[in-house]
Amino acid sequence: MATEYNAYISDETIEGADEGPLAGQTVAVKDNISTKGVQTTCGSSMLAGYVPPYDATVVERLTAAGATVPGKTNMDEFGMGTTTETSAYGPVENPAAPGHVPGGSSGGSAAVVAAGDADMALGTDTGGSIRCPAAFCGVVGIKPTYGLVSRYGLVAYANSLEQIGPIAPTVEEAAELLEVIAGPDEHDATTRDHEGATEGLADAADGDVDGLSIGVPTELVDGADEAVVETFWDAIDELETRGASYHEVDLPSVEHAVEAYYVIAMSEASSNLARFDGVRYGQSGGYEGNWNESFANAREDGFGEEVKRRVLLGTYALSAGYHDKYYKKAQDARAWVKQDFDSALDEADVLASPTMPIPPMEMGESLDDPLTMYLADANTTPVNLANLPAISVPAGETDDGLPVGLQLVGPAFGEKQLIRAGSALA
Amino acid sequence: MTAQAAESRELATVIGLEVHVQLETETKIFCGCSTDGGEEPNTNTCPVCLGLPGALPVLNEAAVESAVKIGKAIDASIPEETTFHRKNYYYPDLPKNFQITQYDSPICQDGELEFSHEGDSRTVGIRRAHLEEDPGSIKHAREGTGPLDSRTTGIDRADYTLVDYNRAGTPLMEIVTRPDFRDPGEVRAFLEKLEEVLEYLGVFDATRDGSLRIDANLSLIDAEDVHDDGSIDEAVLEAANRTEVKNISSHKGAETALAFEASRQKKLVQSGREVAQETRHFNETHGNTVGMRSKEEEKDYRYFREADLPALRVSHWKEDIDIPELPDARRDRFVSEYDLSEEAASKLTSTKQVADFFEAVAERFDADLAATWVADELLGELNYRDMLITDVEDRFDEIERLVELVADDEITAKNAKETVLREMLDEGDDPDAIVDREGLGKTSGDAVQQAVAAAIEENPDAVADYEDGDDGAINFLVGQVMGKTGGSADPGEVNQLLRAELDG
Ligand SMILES: [Zn+2]
Numbered sequence: 000m001a002t003e004y005n006a007y008i009s010d011e012t013i014e015g016a017d018e019g020p021l022a023g024q025t026v027a028v029k030d031n032i033s034t035k036g037v038q039t040t041c042g043s044s045m046l047a048g049y050v051p052p053y054d055a056t057v058v059e060r061l062t063a064a065g066a067t068v069p070g071k072t073n074m075d076e077f078g079m080g081t082t083t084e085t086s087a088y089g090p091v092e093n094p095a096a097p098g099h100v101p102g103g104s105s106g107g108s109a110a111v112v113a114a115g116d117a118d119m120a121l122g123t124d125t126g127g128s129i130r131c132p133a134a135f136c137g138v139v140g141i142k143p144t145y146g147l148v149s150r151y152g153l154v155a156y157a158n159s160l161e162q163i164g165p166i167a168p169t170v171e172e173a174a175e176l177l178e179v180i181a182g183p184d185e186h187d188a189t190t191r192d193h194e195g196a197t198e199g200l201a202d203a204a205d206g207d208v209d210g211l212s213i214g215v216p217t218e219l220v221d222g223a224d225e226a227v228v229e230t231f232w233d234a235i236d237e238l239e240t241r242g243a244s245y246h247e248v249d250l251p252s253v254e255h256a257v258e259a260y261y262v263i264a265m266s267e268a269s270s271n272l273a274r275f276d277g278v279r280y281g282q283s284g285g286y287e288g289n290w291n292e293s294f295a296n297a298r299e300d301g302f303g304e305e306v307k308r309r310v311l312l313g314t315y316a317l318s319a320g321y322h323d324k325y326y327k328k329a330q331d332a333r334a335w336v337k338q339d340f341d342s343a344l345d346e347a348d349v350l351a352s353p354t355m356p357i358p359p360m361e362m363g364e365s366l367d368d369p370l371t372m373y374l375a376d377a378n379t380t381p382v383n384l385a386n387l388p389a390i391s392v393p394a395g396e397t398d399d400g401l402p403v404g405l406q407l408v409g410p411a412f413g414e415k416q417l418i419r420a421g422s423a424l425a
Numbered sequence: 000m001t002a003q004a005a006e007s008r009e010l011a012t013v014i015g016l017e018v019h020v021q022l023e024t025e026t027k028i029f030c031g032c033s034t035d036g037g038e039e040p041n042t043n044t045c046p047v048c049l050g051l052p053g054a055l056p057v058l059n060e061a062a063v064e065s066a067v068k069i070g071k072a073i074d075a076s077i078p079e080e081t082t083f084h085r086k087n088y089y090y091p092d093l094p095k096n097f098q099i100t101q102y103d104s105p106i107c108q109d110g111e112l113e114f115s116h117e118g119d120s121r122t123v124g125i126r127r128a129h130l131e132e133d134p135g136s137i138k139h140a141r142e143g144t145g146p147l148d149s150r151t152t153g154i155d156r157a158d159y160t161l162v163d164y165n166r167a168g169t170p171l172m173e174i175v176t177r178p179d180f181r182d183p184g185e186v187r188a189f190l191e192k193l194e195e196v197l198e199y200l201g202v203f204d205a206t207r208d209g210s211l212r213i214d215a216n217l218s219l220i221d222a223e224d225v226h227d228d229g230s231i232d233e234a235v236l237e238a239a240n241r242t243e244v245k246n247i248s249s250h251k252g253a254e255t256a257l258a259f260e261a262s263r264q265k266k267l268v269q270s271g272r273e274v275a276q277e278t279r280h281f282n283e284t285h286g287n288t289v290g291m292r293s294k295e296e297e298k299d300y301r302y303f304r305e306a307d308l309p310a311l312r313v314s315h316w317k318e319d320i321d322i323p324e325l326p327d328a329r330r331d332r333f334v335s336e337y338d339l340s341e342e343a344a345s346k347l348t349s350t351k352q353v354a355d356f357f358e359a360v361a362e363r364f365d366a367d368l369a370a371t372w373v374a375d376e377l378l379g380e381l382n383y384r385d386m387l388i389t390d391v392e393d394r395f396d397e398i399e400r401l402v403e404l405v406a407d408d409e410i411t412a413k414n415a416k417e418t419v420l421r422e423m424l425d426e427g428d429d430p431d432a433i434v435d436r437e438g439l440g441k442t443s444g445d446a447v448q449q450a451v452a453a454a455i456e457e458n459p460d461a462v463a464d465y466e467d468g469d470d471g472a473i474n475f476l477v478g479q480v481m482g483k484t485g486g487s488a489d490p491g492e493v494n495q496l497l498r499a500e501l502d503g
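As given, the protein sequences belong to chains A and B, one line each in that order.
With numbering that gives the first Met the number 0, the residue at position 84 of the first sequence is 83, and numbering never jumps.
With numbering that gives the first Met the number 0, the residue at position 270 of the second sequence is 269, and numbering never jumps.
Careful, some of the hints might be misleading.
[Said to hold, decoys possible] In the BS3-like style, the derived pairs of lysine-lysine whose C-alpha atoms are separated by at most 25 Å in a straight line are: (1) B:Lys-245 to B:Lys-298; (2) A:Lys-324 to B:Lys-86; (3) B:Lys-298 to B:Lys-71; (4) A:Lys-307 to B:Lys-86; (5) A:Lys-327 to A:Lys-337; (6) A:Lys-337 to A:Lys-324; (7) B:Lys-298 to B:Lys-86; (8) B:Lys-138 to B:Lys-298; (9) A:Lys-415 to A:Lys-324; (10) B:Lys-71 to B:Lys-192; (11) B:Lys-251 to A:Lys-328; (12) A:Lys-327 to A:Lys-307; (13) B:Lys-138 to B:Lys-86; (14) B:Lys-416 to B:Lys-317; (15) B:Lys-298 to A:Lys-327; (16) A:Lys-327 to B:Lys-86; (17) A:Lys-328 to B:Lys-483; (18) B:Lys-251 to B:Lys-192; (19) B:Lys-317 to B:Lys-298; (20) B:Lys-298 to A:Lys-307; (21) B:Lys-265 to B:Lys-251; (22) B:Lys-138 to A:Lys-324; (23) A:Lys-307 to A:Lys-324.
It is worth saying that the hints were derived from the structure and are not from the lab.
Let the hints inform the model, and build the full structure from the sequences given.
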């Protein structure tokens, strides 16, 4: 059982339909995705005991396709973390690299797949939360184009950035799961019906990279750990021997991406998490003082350190007098990042980089140093700012036996391209 | 300034309004729940309007359509692209602790509304009108006692507060005027006109509790700072200390609150004191405004784009959506088409229901009869009873039947009005039942003839007077016949019958 890695928050089973493309398969679901009648905590004690009265659209689609949900997976509290150590339900250990973190925030989902405790899993990716744990645990993760998969039922952390996506042992399985959950939803006004984007995804996993043009943004390779860079180039070599070619491209804007990402994500989080005030979630009543103080107390008790840090910073960034300096500037940077990706993708079919600039950290190592943890998201966050799809596939291991992931980024709704390229490696 | 100088200052009142109107749509603005608020608390709710984690808003097109109609009616421009924002603040009636509203790109911009006040035509500029969601409603309570009045009692004094989310997500339109009002009476006239227009558009129901909520800004400036064309420099407005009066929920309340506030400020200024810039609460019971306990801090709502709702592109709807004939145009048409007086036409177009009913009656019978019966008799009797046209909307067919009885000469106009209509309104019966019960059906020819013969026989003196040329005597005889027939005979007809009998 994956419980030895603390990968599940609850292991209540949700049965799927008897037939369907996922019949007989188990798909674990990250605990920030609403499941009717089954507790959904987001890794927070604020939502301990919260049982949604409705299913997220992706859960409806999964179970209708025959999948069984074996449990809800552990995660950084409200998705805020890169290591799955900020969960109120304890940290998750990496089954592929014991003693190390599984990455985050969908660490539980990647861990159950890596440990073989579930056939596949759903994660969510706001700034790398699917790709990072996929890379650290040696499995495949896809962050879809913003608008490909319904977010209805996903408890929002930063709603302009995040998507639900699959984590699986192989690209083909991840593509199968994506095919089931993708497509427009009347409950999510940001989903889009992009011609051909949701069909034939699994069939695209044919490993054919002959003629594929790969752009390598130097900015995303230069700063990375040596062992990671070495493994990354080995993977690019492998693709080259199969007929792909690569060239270097520039993404000058990504220098500002992490800052812009955190300002936007924290700002949105400060608003998205405002509803957790002790009236209907968390500890209600029993506090001294007026209602305002009571809200503050409920939030003080219910949220962990990292959540409080991000909510406070986000509130600050949106405040009168600071809004233009931070939030507006971050939006400008976001537009610039989008432009940069568009031009880079004009010259290449996909862009490749290490998913994470570092191999998995040891457990407990980064908790006291949030800035280092934030900088670890340098390669993943720009993709969310640009609303683009990306996949992380295992690129190999460092000499110490730590998994390294290769990230491929494609044009909007270009998931098939990523699946085809990625399937050459996994 | 000395007290004397202060006293002699000529002041002008400047008022601007923020009017919140509930839009009459079947479902809420961001979910499929019914907007009927009247049921058990928290029954018309779903994950979206409860603000449950993970739920997402989806914009109700009917609310957008209503907004575009309002935009057309107030001659506003509808921008190419309009967006939604979050207004962040903590309050227990707000399910998400933010309200989805519009900020820097409202759906309606730069409109105006013309209305008449004390015989003059006035036009007030409308800066913007935007869509937003209504919060839920709350009841503050204390242990052992019943609910406190949430509108006048602060949440801080309550032991606990009950929240009802039925209202949460009801579509609202916030209409923000320019500071173009110069006295509280104008505000009332404007609100009456606004409500009339909204009802004509079919986007608003004035009878719904809480459907109209008004915040008003009032400040005083030197009268000489008002230019001849009525405009005031921005700098003068900026410099004046203004108060914001909240908690106004009716036309009359607006006039009362602002009249109180204007005179309160005047007294302060004239005694050389300063008007504090503050938010004040209107107390409807006492007709006064009360400063909030402490000076409210400048609120920072941390507005930012609502990413869950894509930008709205509906400027072309302005051409695609038709709006009905508005009250001013309809009044003019009534004057020319039905040959009515301005006064009658105004009365008949005061609400869409009255105007529609009048036209229905006019088409079946004739315009004069319809005007008399709708404008004079029906509205007069309703007014006398403090009733609204909407109270009898479902009895229009009965009222039409009453007009038919008069038109077909089956009852007299006098009985129709004084007995049948009044009893219809007071007792709720239908006209035929009342006519039967009261025996008001016009008496048959034979019975009238008999009464005429009897009157002649019983009143030889009057007959003699008539024969001697005293034409007035005939009126006495008509009265006698009317008495015998219980008023059901037609006086003109009786007059003729008597003359025929006596002259023959
Ligand atoms: Zn609802």
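We went through each hint and held it up to the structure:
no.	hint	result
1	B:Lys-245 to B:Lys-298	holds (15 Å)
2	A:Lys-324 to B:Lys-86	holds (19 Å)
3	B:Lys-298 to B:Lys-71	violated (33 Å)
4	A:Lys-307 to B:Lys-86	holds (20 Å)
5	A:Lys-327 to A:Lys-337	holds (16 Å)
6	A:Lys-337 to A:Lys-324	holds (20 Å)
7	B:Lys-298 to B:Lys-86	holds (11 Å)
8	B:Lys-138 to B:Lys-298	holds (24 Å)
9	A:Lys-415 to A:Lys-324	violated (39 Å)
10	B:Lys-71 to B:Lys-192	holds (15 Å)
11	B:Lys-251 to A:Lys-328	violated (48 Å)
12	A:Lys-327 to A:Lys-307	holds (22 Å)
13	B:Lys-138 to B:Lys-86	holds (23 Å)
14	B:Lys-416 to B:Lys-317	violated (45 Å)
15	B:Lys-298 to A:Lys-327	holds (20 Å)
16	A:Lys-327 to B:Lys-86	holds (16 Å)
17	A:Lys-328 to B:Lys-483	violated (94 Å)
18	B:Lys-251 to B:Lys-192	holds (13 Å)
19	B:Lys-317 to B:Lys-298	violated (35 Å)
20	B:Lys-298 to A:Lys-307	holds (22 Å)
21	B:Lys-265 to B:Lys-251	holds (21 Å)
22	B:Lys-138 to A:Lys-324	violated (40 Å)
23	A:Lys-307 to A:Lys-324	holds (22 Å)
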